[in-house]
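Colleague: Below are the chains, spelled out letter by letter.
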Amino acid sequence: MLSARALNLQRITASSSSRTFATAVADAASGVRVAAVDFGQPTSAVTVLVKAGSRFQNKEGVANVLKNFAFKSTAKRSAIGTVREAELYGGLLSASLGREHLALTAEFLRGDEAFFVDVLSSFVTSARFTRHELEEYVKPLVESDAEAVASNPATRALEAAHALAFRSGLGSSLFAPAHNDINVADIKAFASSAFAKGNVAVIGTNIDSSTLNKLVEQSFTAATAAEGSTAAPASKYFGGETRLEGSGGPQTLFIGFGAEGAPSAELAALAAHLSTQPSVKWSKSLSPIATAIPEGAQVQSVYLPYSDASLFGLLVQAESVGGVKEAAKVAVEALRNAAKGLKEEEVKGAVARAKFAAASGVESREGLVNVLGAKIFAGSEVSVESTLSAFDKVNAASFSKAVSSLISAKPTLVTVGDSLNLPHTDELGF
Amino acid sequence: MFGPLGFSLAPYIQSSKTLTSWVKPLANWYANAAGYRQYGFKYDDLLVEENEPVQKALSRLTPREHYDRAFRLKRASQASILHKPLEKNEWTPAAEDVRYLKPHVLEVMKEDAERHKWDTVVVEKK
Amino acid sequence: MATFATKRATTLAPTVRTLASGAPIAPRLNLAARGQASEHDHDHGHSESSRSDIRPRWAGGVTFSAAGLVSKTVTTVHSPAFQPRLIHTSVANKDAPQVPDYSKYRTDPGSNRALSYFMVGSLGVLSASAAKSSISEFLQTMAASADVLALAKVEVDLSTIPEGKNVIIKWRGKPVFIRHRTQSEVDEARAVDWKSLRDPQSDEDRVQKPEWLVMLGVCTHLGCVPIGEAGDFGGWFCPCHGSHYDISGRARKGPAPLNLEVPAYEFTDGDGKVIIG
Numbered sequence: 001m002l003s004a005r006a007l008n009l010q011r012i013t014a015s016s017s018s019r020t021f022a023t024a025v026a027d028a029a030s031g032v033r034v035a036a037v038d039f040g041q042p043t044s045a046v047t048v049l050v051k052a053g054s055r056f057q058n059k060e061g062v063a064n065v066l067k068n069f070a071f072k073s074t075a076k077r078s079a080i081g082t083v084r085e086a087e088l089y090g091g092l093l094s095a096s097l098g099r100e101h102l103a104l105t106a107e108f109l110r111g112d113e114a115f116f117v118d119v120l121s122s123f124v125t126s127a128r129f130t131r132h133e134l135e136e137y138v139k140p141l142v143e144s145d146a147e148a149v150a151s152n153p154a155t156r157a158l159e160a161a162h163a164l165a166f167r168s169g170l171g172s173s174l175f176a177p178a179h180n181d182i183n184v185a186d187i188k189a190f191a192s193s194a195f196a197k198g199n200v201a202v203i204g205t206n207i208d209s210s211t212l213n214k215l216v217e218q219s220f221t222a223a224t225a226a227e228g229s230t231a232a233p234a235s236k237y238f239g240g241e242t243r244l245e246g247s248g249g250p251q252t253l254f255i256g257f258g259a260e261g262a263p264s265a266e267l268a269a270l271a272a273h274l275s276t277q278p279s280v281k282w283s284k285s286l287s288p289i290a291t292a293i294p295e296g297a298q299v300q301s302v303y304l305p306y307s308d309a310s311l312f313g314l315l316v317q318a319e320s321v322g323g324v325k326e327a328a329k330v331a332v333e334a335l336r337n338a339a340k341g342l343k344e345e346e347v348k349g350a351v352a353r354a355k356f357a358a359a360s361g362v363e364s365r366e367g368l369v370n371v372l373g374a375k376i377f378a379g380s381e382v383s384v385e386s387t388l389s390a391f392d393k394v395n396a397a398s399f400s401k402a403v404s405s406l407i408s409a410k411p412t413l414v415t416v417g418d419s420l421n422l423p424h425t426d427e428l429g430f
Numbered sequence: 001m002f003g004p005l006g007f008s009l010a011p012y013i014q015s016s017k018t019l020t021s022w023v024k025p026l027a028n029w030y031a032n033a034a035g036y037r038q039y040g041f042k043y044d045d046l047l048v049e050e051n052e053p054v055q056k057a058l059s060r061l062t063p064r065e066h067y068d069r070a071f072r073l074k075r076a077s078q079a080s081i082l083h084k085p086l087e088k089n090e091w092t093p094a095a096e097d098v099r100y101l102k103p104h105v106l107e108v109m110k111e112d113a114e115r116h117k118w119d120t121v122v123v124e125k126k
Numbered sequence: 001m002a003t004f005a006t007k008r009a010t011t012l013a014p015t016v017r018t019l020a021s022g023a024p025i026a027p028r029l030n031l032a033a034r035g036q037a038s039e040h041d042h043d044h045g046h047s048e049s050s051r052s053d054i055r056p057r058w059a060g061g062v063t064f065s066a067a068g069l070v071s072k073t074v075t076t077v078h079s080p081a082f083q084p085r086l087i088h089t090s091v092a093n094k095d096a097p098q099v100p101d102y103s104k105y106r107t108d109p110g111s112n113r114a115l116s117y118f119m120v121g122s123l124g125v126l127s128a129s130a131a132k133s134s135i136s137e138f139l140q141t142m143a144a145s146a147d148v149l150a151l152a153k154v155e156v157d158l159s160t161i162p163e164g165k166n167v168i169i170k171w172r173g174k175p176v177f178i179r180h181r182t183q184s185e186v187d188e189a190r191a192v193d194w195k196s197l198r199d200p201q202s203d204e205d206r207v208q209k210p211e212w213l214v215m216l217g218v219c220t221h222l223g224c225v226p227i228g229e230a231g232d233f234g235g236w237f238c239p240c241h242g243s244h245y246d247i248s249g250r251a252r253k254g255p256a257p258l259n260l261e262v263p264a265y266e267f268t269d270g271d272g273k274v275i276i277g
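Protein chains in written order, with full-length UniProt numbering: chain Y, 1 to 430; chain H, 1 to 126; chain E, 1 to 277.
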């Protein structure tokens with residue numbers, strides 16, 4: 001029944017030409033992969049995905065500095081020229097850094113593709129990375145990024161969890177350390193290795209794919225000839241415990257586990273099962289955790305899939321240490337119950353919620369780019385149906401198998417706040 | 001012409017080989033005779049800095065360049081108090097008398113002009 | 001970020017904890033905390049406290065989305081939340097609501113307008129005229145008094161002067177010659193070629209009536225009084241330096257440069273009196 005529904009979907013998409021998925025075209029000259037989707041909306045977006053996430057950085061914080069250097073002066077235009085001209089066109093330029101990809105996005109009205117693809121490509125091919133721009137423009141941004149994190153205990157916990165779980169590679173921080181000595185030479189080195197052939201992909205939404213192909217061919221012919229693609233070693237999961245001093249804000253605890261290999265639908269279903277986010281406003285969700293935690297405490301299920309590993313965990317926050325202790329006990333209990341085995345309809349419900357989350361995530365531009373980007377680099381077929389079809393194979397047995405193997409690994413525990421009194425790993429039963 | 005670098009025929013002269021070959025010896029003699037090298041200065045230490053573009057350009061020097069500039073000023077101030085130039089071995093050699101600040105000033109002026117251009121641009125709808 | 005062009009002075013107490021680079025540590029400082037909205041107007045239009053070191057929320061930040069933890073920087077920002085402009089009408093504000101109601105005592109300002117204007121206008125006229133007269137009286141005291149004015153003119157009765165006779169009158173401290181000339185003397189005066197004289201002046205210009213010659217008896221050379229009926233030209237002769245004047249008082253010989261001066265005079269009472277001055 002599920003597959004029949006999927007077939008129906010495909011027929012609908014084929015008949016109404018408003019939704020087309022283009023298979024990725026590897027542009028032979030520059031090695032840039034291109035994918036375009038057209039929904040017929042009036043604004044378009046082009047995203048250049050580069051494998052320059054924090055995973056691939058050789059020096060701590062360089063990826064963040066490179067992200068903040070986006071759209072500064074290039075051989076063709078100065079920084080102010082880029083920004084002013086983009087504002088005159090009415091476009092929005094932004095740069096996002098994840099652990100695996102750096103996404104440079106331009107959103108604009110249909111018809112302005114030529115200019116914005118040129119802006120994006122000129123940064124990738126001919127950014128100048130001058131010293132004075134680093135000092136005057138970029139370093140304050142990097143510092144404000146770092147400060148924003150330092151004051152947010154949840155983000156600090158997640159960053160520390162990654163460092164414990166994966167050590168180098170995925171464990172590198174997204175943000176630069178507070179007092180760093182990154183100079184333009186470091187950035188230039190990182191950029192030349194990151195902007196190499198095979199590391200760059202261009203994804204367009206609401207743009208005709210032939211137009212995008214043509215523009216990419218024109219702009220990226222002068223792409224870096226450097227062959228070296230940032231090949232990172234496969235991620236390994238380690239785990240550990242760390243306790244950080246809080247800096248104001250709630251007491252925070254993160255208990256997580258890592259799984260090596262490609263992300264599985266079972267873990268997504270687990271995250272949906274434990275998630276305390278209600279679908280109906282002002283109600284407690286159907287999560288086994290939500291009803292049992294004390295008032296004022298929050299538990300979030302965190303599922304972070306990467307290309308060759310994923311991190312699953314529960315983020316517990318409360319005003320007091322006692323609240324955290326109770327909520328953590330409840331959360332770990334629910335996790336163990338999930339490992340022991342759930343009823344068939346509970347699993348179905350979790351799968352349905354996870355599938356909905358995945359499908360609705362694709363509806364936003366960023367979500368779509370993330371999904372397509374992951375596939376484009378892997379070389380697999382660039383479409384959304386494949387993500388959704390993976391959920392159909394989940395049943396109760398595979399679910400409990402996946403969860404029990406997950407929690408049999410060494411846990412990752414991070415506490416932010418009162419480090420003496422917040423629970424330790426053994427107090428949680430691991 | 002009234003900018004921080006002042007009026008200069010240098011680009012015109014340097015564009016022609018014959019003119020350069022005539023004017024260069026004269027210019028070298030003048031630079032030596034001006035006397036700033038005898039106080040350990042480079043030419044750009046004497047550039048008038050009490051204006052916005054040059055202040056911005058100064059902020060773009062590396063820390064080492066800043067330190068050296070301050071050191072040359074201090075050494076020359078002492079020599080000026082004593083009313084005597086420095087010893088011959090402390091004079092700036094001609095090869096070292098490089099315009100280290102001029103490229104930064106030119107860049108700042110170019111950026112200011114571009115900003116002014118963008119501030120006063122007239123946009124027409126096609 | 002080391003810039004030596006601008007010096008920042010910082011004094012740190014020795015008990016402040018510092019990093020190896022020398023930057024002080026403030027471990028519990030929460031820089032993301034936003035201050036309370038203050039009561040006074042914000043000039044720069046920030047809706048919350050304006051911290052220049054914290055990036056505003058619409059310029060990016062850390063998001064935890066389905067894709068994981070993402071740090072985003074927005075380069076060109078669109079203006080934040082749409083702010084609708086509301087039409088605002090203020091209710092008229094009564095400025096003194098506690099004042100009692102005097103509406104019963106108020107008069108209609110239009111009812112007695114004519115009388116009021118008449119009273120005001122007439123008093124205005126009276127006071128203006130009083131002011132004017134007091135000022136003119138004060139000013140009149142500065143004018144010349146009657147005895148001074150009286151001395152400025154002199155009246156001479158001409159009926160007492162026979163023909164062919166000179167009379168000398170004192171006027172303003174100077175002698176004035178009045179001669180009742182005969183007809184032959186008049187003809188003799190008019191027969192002279194006056195254009196060639198030292199001070200050319202015709203007889204007609206010097207007298208109003210031909211038989212009455214009125215002139216100042218002051219020699220134009222150095223101011224002596226000439227003697228009448230003397231001299232070579234049948235007129236006057238100044239004994240001091242020998243200036244001869246003719247029967248019309250014109251200088252003919254001698255050092256005198258000009259003719260004898262003729263004052264302003266007028267005849268009154270028919271031919272009877274002459275007023276000099």
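Each hint should be verified, as a subset may be incorrect.
[To be verified] Listed below are the simulated DSS-like cross-link pairs for lysine-lysine, each with C-alpha atoms no more than 25 Å apart in a straight line:
1) Y:K348 to Y:K236
2) E:K72 to E:K174
3) Y:K59 to Y:K214
4) Y:K375 to E:K72
5) Y:K76 to H:K24
6) Y:K76 to H:K42
7) H:K102 to Y:K76
8) E:K209 to E:K165
9) E:K72 to Y:K59
10) H:K102 to H:K117
11) Y:K393 to Y:K375
12) Y:K76 to Y:K236
13) E:K273 to E:K153
14) Y:K329 to Y:K393
15) H:K56 to H:K102
16) Y:K197 to Y:K214
17) Y:K139 to Y:K214
18) Y:K348 to Y:K393
19) H:K74 to H:K88
20) H:K56 to H:K42
21) H:K84 to Y:K76
22) H:K56 to Y:K76
23) H:K125 to H:K42
24) H:K102 to H:K74
25) E:K273 to Y:K188
26) Y:K236 to Y:K375
27) E:K165 to E:K153
28) Y:K139 to H:K88
29) E:K209 to E:K195
30) H:K74 to H:K110
31) Y:K139 to E:K72
32) H:K84 to H:K110
33) Y:K139 to H:K56
34) E:K273 to E:K165
35) H:K74 to Y:K76
[Said to hold, decoys possible] The calculated label-pair distances, taken between Cβ atoms and stated as ranges, are:
36) Y:D112 to E:P56: 23 to 29 Å
37) H:K117 to Y:F238: 32 to 38 Å
38) H:A34 to E:T15: 17 to 23 Å
None of these hints come from the bench; they were simulated from the model. Beta carbons: idealized from backbone N, C-alpha and C, even for Gly.
Colleague: Checking each numbered hint in turn, tell me which of them this model violates, lowest number first.
Modeller: 1, 2, 3, 5, 6, 12, 14, 17, 21, 23, 25, 28, 30, 32, 35, 37 and 38
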